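With the hints as extra help, turn the sequences into a complete structure.
Residue numbers (our numbering), protein chains in the order written: chain X, 1 to 211; chain L, 1 to 201.
Bear in mind the hints are in silico, worked out from the structure with no lab data behind them.
Below 25 angstroms or equal to it, Euclidean Cα-Cα: the simulated DSS-like pairs (lysine-lysine) are:
(1) L:K186 to L:K35
(2) X:K101 to X:K144
(3) L:K9 to X:K16
(4) L:K7 to L:K73
(5) L:K129 to L:K167
(6) X:K47 to X:K79
(7) L:K167 to L:K118
(8) X:K47 to L:K177
(9) L:K9 to L:K73
(10) L:K73 to L:K186
(11) L:K186 to X:K16
(12) L:K9 to L:K186
(13) X:K46 to L:K177
(14) X:K16 to L:K73
(15) L:K35 to L:K177
(16) L:K35 to X:K16
(17) X:K101 to X:K148
(18) L:K73 to L:K129
(19) X:K46 to L:K35
(20) X:K47 to L:K35
(21) L:K167 to L:K186
(22) X:K101 to X:K47
(23) X:K101 to X:K46
(24) X:K79 to X:K144
Covered stretches of chain L (chain X as the covering partner; in silico rule of three or more C-beta atoms under 8 angstroms from a C-beta of chain X):
(25) 34-46
(26) 59-71
(27) 144-150
(28) 176-189
(29) 192-199
Given the structure is predicted, the values throughout are model-derived calculations rather than measurements.
For glycine and all other residues, C-beta sits at the position ideal for the given N, C-alpha and C.
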Amino acid sequence: MAEPTKIDALSVALDKRLDELFHEDEPGFVDPEPGKVEDSPLVELKKIVLSIDWEITPEALDGFLDQILLLREVYRDDKVITILLQMLGSLGKYIQSSRSKVHPATFVVLNSVFSRLEEIVNTPNLSASTRQNLLQAELDSFQKLRAKIMRRRAVQPVAASVAVARPAAQGPAANGPVTAEMLTRMAAELKEMIHSEMHALRQLLLSFVRR
Amino acid sequence: MAFVNLKTKMIQVKIVYYGPGRGGKTTNLEYIYRKFHQRIHSEMVTVKTHGDRTLFFDFLPFDIGIINGYQIKIQLYTVPGQVQYNATRQLVLRGVDGIVFVADAMAVRRENNIQSMKNLQANLTSYRKSLDTLPWVIQYNKLDLREQGIPVMSVAQMEQDLNRRFKRPVFPASALKGANVVATLKKIISLTVTSIRSELA
Chain X
1 MAEPTKIDAL SVALDKRLDE LFHEDEPGFV DPEPGKVEDS PLVELKKIVL
51 SIDWEITPEA LDGFLDQILL LREVYRDDKV ITILLQMLGS LGKYIQSSRS
101 KVHPATFVVL NSVFSRLEEI VNTPNLSAST RQNLLQAELD SFQKLRAKIM
151 RRRAVQPVAA SVAVARPAAQ GPAANGPVTA EMLTRMAAEL KEMIHSEMHA
201 LRQLLLSFVR R
Chain L
1 MAFVNLKTKM IQVKIVYYGP GRGGKTTNLE YIYRKFHQRI HSEMVTVKTH
51 GDRTLFFDFL PFDIGIINGY QIKIQLYTVP GQVQYNATRQ LVLRGVDGIV
101 FVADAMAVRR ENNIQSMKNL QANLTSYRKS LDTLPWVIQY NKLDLREQGI
151 PVMSVAQMEQ DLNRRFKRPV FPASALKGAN VVATLKKIIS LTVTSIRSEL
201 A
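Here you go:
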């Protein structure tokens, strides 16, 4: 063992050097990227959205859906934000279930819905009509994507999987013929989505109980 | 044991940020790099490849200068937190001198923290190292999420889960905002260098 006095001297010298190197109050230092995003509840979701854009992993998708669930709780009184979160949740579940077969336009819609969500969350003074218009634009894109997915499935039936679920405030049915097979598949998808939501809700409740 | 060159009096210290996926390990290094890169004259390297031989980590080396006659070089690493990248975690832990365990304070991540801690212990065992003897600290990250209405665990709860046996220094933190990131870094460097110096003497 080293002599205590030598170690003490080392510790003192080391601490002094570390204080010099990592002193945080020096003028001229800028706080790292201050701004709305870092103060926003969407920080974690944004990181995951960016990571999904780069690489889709089961963990990233689980995290994405966890975040959606948490944020839906945080914004449960805000209908516009809730619907946007519902859309993101549906897209996440669709990506999770379809993986390599996911429609390429999904990521465009996902990024667009997230950007709109970010805009609305970070701009609290937006008028109700502006918020509604922003929401409607995303609902339209979402609806179009859903129609494309359904058409593709009608042409090339695939094994049962969870499709993009329809958010509560969505408009009338998409273009294209509705077949009995599509209805059956939609019912199965809806059932699976409810099952998945209940599971996530149980997890959230458990986390509250553990606290 | 750290890489030590007695002839040139140079000590290279390897510190690994370990913890569950998305817990904030990379955010810690990013904060340090963003805020101090001009002073530490360094570049942060991120290695991201995919496949069987996965290497996926962040690396931030810097020199803290000569302390008591020894030039001390610090290497900060992160490991991938995702469960399937254990081979990478094992690889990054090779030759580790000090560890920062970054726990995620979100209530839904409780089990992930516990599993990650167990995984760390198992991986250290393969190098005949132990959390009982290595210098290490715990950072409880994301505590600021409570302000945003997101359920987070109390420090007491996380202490019970992760630090009951070890009683290591703990740092409640927000890596994103930089809260206690530097305090964590200073503490682990201090503990690790002192430990190495003690072994050398």
